[in-house]
Structures are given as C-alpha cells and as structure tokens.
Amino acid sequence: MGQRLAPVLAVCFMGRIEGPVPERNPSMYCRYINDCFVTSTQSEMDECFRIMNEQSQYIKLFREVPRDGWLPYLNTQVKVSSGVASVKWYRKTSSKNILLHATSSHPQAVRRVVVSNMLRTATSVCTVPTFGL
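9 is the number of the first residue of the sequence shown in the numbering used here; add one for each residue after it.
The hints are simulated quantities; they were obtained by calculation from the structure and are not laboratory data. In this text, a Cβ means the ideal position worked out from N, Cα and C, and glycines have one as well. There's no promise every hint is true.
[To be verified] Each pair of labels, with its calculated beta carbon distance range:
no.	residue 1	residue 2	range
1	Asn33	Arg119	43 to 49 Å
2	Leu107	Pro80	27 to 33 Å
3	Phe21	His114	30 to 36 Å
4	Thr135	Asn33	24 to 30 Å
[Stated by the list, open to error] With a straight-line Cα cutoff of 30 Å, these simulated BS3-like cross-link-like pairs (lysine-lysine) come out:
no.	residue 1	residue 2
5	Lys87	Lys100
6	Lys96	Lys68
7	Lys100	Lys68
8	Lys68	Lys87
Using the sequences and the accompanying hints, generate a full structural model.
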C-alpha cells in the first residue's frame, strides 16, 4: 500500500511509445521513466522524434536543445565530442535548490545523509569538474 501508480504507468506507457526507436539503431538510446536520451545523426534524431510523437495522441514529447554543446539530461549535462562523452552536474533554472531545511524536525543523521548523497551523486556521475553545486 502507499505506492504511487504514476511512475509505473509512465514506464509502461513509454515502453510502448519507444518501441520502434531502438529498432532504428541509434548510436545510443536510454530512458529513465519518461526522460529519453538519444545520440544519432540529426536526420535520424528527427525521424526518431517524429516516430515517438506518432505513437499516441495523448502525449507529445519535446526535445532539449544543447547550449554551448551541453545537453541537459536529468540532473546532468552531457557533451559528446570526438566520440567521448563528458558529464557534469546540472540544476534546472526552475529548481528552488531546497533539499531539506536545516531546522526541519528530521533527525540530524537524515539531514547529513541528504547532503552527502547529493555530493556522492554529483561526484559519481560527473567526468568534468563542476563548481557551484
């Protein structure tokens, strides 16, 4: 009891929508719940995007545009150059940057773990030094 159904439904629904894309053999395709990451030629990317948006009348996907060569994906930014992927930490501009208030009623250990987990995640996923976490 108490489990949220929305993430499970999103995974199932996206599994159906993404079905034809891996068959096109993009250089890389991965997905986390409803966030997809595809690397391919521009024409193949356009075709994959068109195919995915034709799979359901109820959902329309959109694409992020790289800024200065960096493409946001989840809490990272990815840049592929000469076949090598570089990853750095990313925070959406809409993010309020609030994890857990320092004076919350949570135990001190929980407050410490929230910060240490964020730092551990940043250092484990980043291949490029990132300042201003």
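Hints and how they fare:
| no. | hint | verdict |
| --- | --- | --- |
| 1 | Asn33 <-> Arg119: 43 to 49 Å | holds (46 Å) |
| 2 | Leu107 <-> Pro80: 27 to 33 Å | violated (19 Å) |
| 3 | Phe21 <-> His114: 30 to 36 Å | holds (34 Å) |
| 4 | Thr135 <-> Asn33: 24 to 30 Å | holds (25 Å) |
| 5 | Lys87 <-> Lys100 | holds (17 Å) |
| 6 | Lys96 <-> Lys68 | holds (28 Å) |
| 7 | Lys100 <-> Lys68 | holds (21 Å) |
| 8 | Lys68 <-> Lys87 | holds (25 Å) |
In the structure shown, a violation is registered for the earlier hint numbered 2 alone.
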